[in-house]
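Chains R and V, in that order, are what the protein sequence lines are. Quick note: the first sequence, position 10, residue 10 per the UniProt record's numbering, numbers continuous. Quick note: the second sequence, position 199, residue 199 per the UniProt record's numbering, numbers continuous.
Careful, some of the hints might be misleading.
Said to hold, decoys possible - Short, incomplete list of chain R residues facing chain V, as computed with Cβ under 7 Å:
{"hint": "1", "residue": "T32"}
{"hint": "2", "residue": "L34"}
{"hint": "3", "residue": "G45"}
{"hint": "4", "residue": "R69"}
{"hint": "5", "residue": "M80"}
{"hint": "6", "residue": "Y91"}
{"hint": "7", "residue": "L95"}
{"hint": "8", "residue": "K101"}
{"hint": "9", "residue": "I105"}
As the list claims (entries may be wrong) - In silico lysine to any residue, SDA-like type, Cα no more than 20 Å apart, as pairs:
{"hint": "10", "chain 1": "R", "residue 1": "K81", "chain 2": "R", "residue 2": "A98"}
{"hint": "11", "chain 1": "V", "residue 1": "K14", "chain 2": "R", "residue 2": "E92"}
{"hint": "12", "chain 1": "V", "residue 1": "K14", "chain 2": "R", "residue 2": "L42"}
{"hint": "13", "chain 1": "R", "residue 1": "K53", "chain 2": "V", "residue 2": "G83"}
{"hint": "14", "chain 1": "R", "residue 1": "K53", "chain 2": "V", "residue 2": "K145"}
{"hint": "15", "chain 1": "V", "residue 1": "K142", "chain 2": "V", "residue 2": "H82"}
{"hint": "16", "chain 1": "R", "residue 1": "K53", "chain 2": "V", "residue 2": "M103"}
{"hint": "17", "chain 1": "V", "residue 1": "K14", "chain 2": "R", "residue 2": "K81"}
{"hint": "18", "chain 1": "R", "residue 1": "K53", "chain 2": "V", "residue 2": "G73"}
{"hint": "19", "chain 1": "V", "residue 1": "K191", "chain 2": "V", "residue 2": "V166"}
{"hint": "20", "chain 1": "R", "residue 1": "K53", "chain 2": "V", "residue 2": "K142"}
{"hint": "21", "chain 1": "R", "residue 1": "K53", "chain 2": "V", "residue 2": "L212"}
{"hint": "22", "chain 1": "R", "residue 1": "K53", "chain 2": "V", "residue 2": "L45"}
{"hint": "23", "chain 1": "R", "residue 1": "K53", "chain 2": "V", "residue 2": "Q53"}
{"hint": "24", "chain 1": "R", "residue 1": "K53", "chain 2": "V", "residue 2": "K14"}
{"hint": "25", "chain 1": "V", "residue 1": "K14", "chain 2": "R", "residue 2": "L37"}
{"hint": "26", "chain 1": "V", "residue 1": "K14", "chain 2": "R", "residue 2": "F25"}
{"hint": "27", "chain 1": "R", "residue 1": "K53", "chain 2": "V", "residue 2": "P89"}
{"hint": "28", "chain 1": "V", "residue 1": "K14", "chain 2": "R", "residue 2": "L50"}
{"hint": "29", "chain 1": "V", "residue 1": "K142", "chain 2": "R", "residue 2": "F33"}
{"hint": "30", "chain 1": "V", "residue 1": "K14", "chain 2": "R", "residue 2": "A41"}
{"hint": "31", "chain 1": "V", "residue 1": "K145", "chain 2": "V", "residue 2": "V166"}
{"hint": "32", "chain 1": "V", "residue 1": "K145", "chain 2": "R", "residue 2": "K81"}
Quick caveat, the hints were computed from the structure, so don't treat them as lab data. From the three backbone atoms N, C-alpha and C, an ideal C-beta is built for every residue, glycine too.
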Amino acid sequence: MAQPAHSTATQGIMASPASEHGGGFPPFESHTFLSQLIWLALAFGLLYYLMDKVALPRMQAILHDRATRLSSDLDEAQRMKAEAEAAGAAYEKSLADAQAKARTIAAETRASLTAEAETRRKTLEAELNDKIAASEATIRSRTAEAMGSVRSIAGETASAIVERLTGQAPDQTTLDTALNRVAIPH
Amino acid sequence: MAVKMDPIHQFELKPLVSFGHIGNQELAFTQSALYMFAAVGIIALITIVATAQRSVVPGRMQSMAEVFYEFIGSTLRQSAGHGSERFMPLIFSLFMFVLVLNMFGMIPYAFAVTSHIIVTFALAFLVIGTVIVYGFMAHGTKFLKVFVPSGVPGWLLPMIVAIEIVSFISRPISLAVRLFANVLAGHIALKIFAGFVPALLAAGAWGAISPLPLALSVAVTALEFLVAGLQAYVFATLASIYLSDALHPGH
Numbered sequence: 001m002a003q004p005a006h007s008t009a010t011q012g013i014m015a016s017p018a019s020e021h022g023g024g025f026p027p028f029e030s031h032t033f034l035s036q037l038i039w040l041a042l043a044f045g046l047l048y049y050l051m052d053k054v055a056l057p058r059m060q061a062i063l064h065d066r067a068t069r070l071s072s073d074l075d076e077a078q079r080m081k082a083e084a085e086a087a088g089a090a091y092e093k094s095l096a097d098a099q100a101k102a103r104t105i106a107a108e109t110r111a112s113l114t115a116e117a118e119t120r121r122k123t124l125e126a127e128l129n130d131k132i133a134a135s136e137a138t139i140r141s142r143t144a145e146a147m148g149s150v151r152s153i154a155g156e157t158a159s160a161i162v163e164r165l166t167g168q169a170p171d172q173t174t175l176d177t178a179l180n181r182v183a184i185p186h
Numbered sequence: 001m002a003v004k005m006d007p008i009h010q011f012e013l014k015p016l017v018s019f020g021h022i023g024n025q026e027l028a029f030t031q032s033a034l035y036m037f038a039a040v041g042i043i044a045l046i047t048i049v050a051t052a053q054r055s056v057v058p059g060r061m062q063s064m065a066e067v068f069y070e071f072i073g074s075t076l077r078q079s080a081g082h083g084s085e086r087f088m089p090l091i092f093s094l095f096m097f098v099l100v101l102n103m104f105g106m107i108p109y110a111f112a113v114t115s116h117i118i119v120t121f122a123l124a125f126l127v128i129g130t131v132i133v134y135g136f137m138a139h140g141t142k143f144l145k146v147f148v149p150s151g152v153p154g155w156l157l158p159m160i161v162a163i164e165i166v167s168f169i170s171r172p173i174s175l176a177v178r179l180f181a182n183v184l185a186g187h188i189a190l191k192i193f194a195g196f197v198p199a200l201l202a203a204g205a206w207g208a209i210s211p212l213p214l215a216l217s218v219a220v221t222a223l224e225f226l227v228a229g230l231q232a233y234v235f236a237t238l239a240s241i242y243l244s245d246a247l248h249p250g251h
């Protein structure tokens, strides 16, 4: 600002001698009023114009943008949360489905395997029974055979013993009677 | 030590460029005018330059501009109610202008534009002029209802109307004088208390109590900052309340 020391030239025009030494009261010096009003009108007019045309519409737009942006972001977040929850639910469902399916498959497999094993076991049992039956038949025939042979062997042995003891072989009829007496089957 | 104890000196207008006289009026570009344009520049810096990027996430300067905008907007809405948005540029400009000029006045060696009553009167008459012009434009003669409160008994009416008219006329005067007197008195008080410090120091043994006026001038400085902000707010709020008469006469 211009200091009084080096603005004496203009001060001569502007300030009354009284104000220079504290005699006048500057705010009430009416000869400065017009000048102040003109500059005030220009400055405040400029300020009003700038605020009205530039600053306030811009700030209003900024705040409005922010409000809409915030609400749209919140909506978006809400939507995405709903989507995520739906995806989570779908995942849970598919997981449950898969588990159920897996259980079904396991049960089916187990059932089919059990059935197969059962049939195989039955076939095997039947085969084994057949074999057992065959073996028993063989044993029975062999036993019968062996018993038949026992009689002839006993007859031959008895006739050999009698021949040694008596020197003569017994006749077949006596031998048969003797063998029958000891109940050796044919 | 020559101590100049002149608390009035600081309010003197100092011409930077002089344009001569019209009648007894001196036309000059004074430091006061320079401060006015500097205030416009600062306000434009905060509200226009700082918001140029239109950031959704504001920086410091843009936040400040937004705080002022929302503060004045809510003050105006609460005081003047429905339809008050059209006066937002006026009230916002008034508040920012007065606030920045008051704050300029708090800078040491700076000049307080609002300590000149012609400035505060001009701003006050701008408000009242807006009230009257807008009131008649929007409501015609119904605007005169502002002087006739509803529900007053007939025999009291002449007195009430007279009181209302006086109160209406005193509004611009109180608006102007309040701001002018606060700023003027604050600066004078500050100058006087601060002036005691060198005066006491120059007076030998009295210098021992010079910290007292020093502490006091610190306290007064803090108070003056409060006053500077508060008076800008009071000016804007009262202007909003007066404008609400123009918007809703007869309430």
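Results for each hint:
1. T32: 5 Å, holds
2. L34: For L34 of chain R, the interface hint holds, since the closest Cβ of chain V sits about 4 Å away, which is under 7 Å.
3. G45: 10 Å, violated
4. R69: 6 Å, holds
5. M80: 20 Å, violated
6. Y91: Hint violated; Y91 of chain R Cβ to chain V Cβ min 35 Å, cut 7 Å.
7. L95: 41 Å, violated
8. K101: For K101 of chain R, the interface hint is violated, since the closest Cβ of chain V sits about 50 Å away, which is over 7 Å.
9. I105: 55 Å, violated
10. R:K81 x R:A98: 25 Å, violated
11. V:K14 x R:E92: 83 Å, violated
12. V:K14 x R:L42: 19 Å, holds
13. R:K53 x V:G83: Roughly 19 Å separates the two Cα atoms, so the pair holds.
14. R:K53 x V:K145: 33 Å, violated
15. V:K142 x V:H82: 18 Å, holds
16. R:K53 x V:M103: Not OK: K53 of chain R and M103 of chain V at ~25 Å, beyond 20 Å, violated.
17. V:K14 x R:K81: 67 Å, violated
18. R:K53 x V:G73: Holds. K53 of chain R to G73 of chain V sits at ~17 Å (cutoff 20 Å).
19. V:K191 x V:V166: The given pair, whose Cα atoms are some 36 Å apart, is violated under the 20 Å limit.
20. R:K53 x V:K142: 31 Å, violated
21. R:K53 x V:L212: 50 Å, violated
22. R:K53 x V:L45: With a Cα-Cα distance of about 15 Å, the restraint between K53 of chain R and L45 of chain V holds, given a limit of 20 Å.
23. R:K53 x V:Q53: Measuring from Cα to Cα gives roughly 17 Å; hence the hint holds.
24. R:K53 x V:K14: 33 Å, violated
25. V:K14 x R:L37: Given pair K14 of chain V, L37 of chain R holds - Cα atoms ~15 Å apart, limit 20 Å.
26. V:K14 x R:F25: Holds: K14 of chain V and F25 of chain R sit about 14 Å apart, inside 20 Å.
27. R:K53 x V:P89: Since the Cα atoms of K53 of chain R and P89 of chain V sit roughly 9 Å apart, the hinted pair holds (cutoff 20 Å).
28. V:K14 x R:L50: Measuring from Cα to Cα gives roughly 28 Å; hence the hint is violated.
29. V:K142 x R:F33: Violated, at about 36 Å.
30. V:K14 x R:A41: Answer holds: K14 of chain V to A41 of chain R is near 19 Å, not above 20 Å.
31. V:K145 x V:V166: Measuring from Cα to Cα gives roughly 15 Å; hence the hint holds.
32. V:K145 x R:K81: 57 Å, violated
Against the hints set out earlier in the document, violations occur for numbers 3, 5, 6, 7, 8, 9, 10, 11, 14, 16, 17, 19, 20, 21, 24, 28, 29 and 32.
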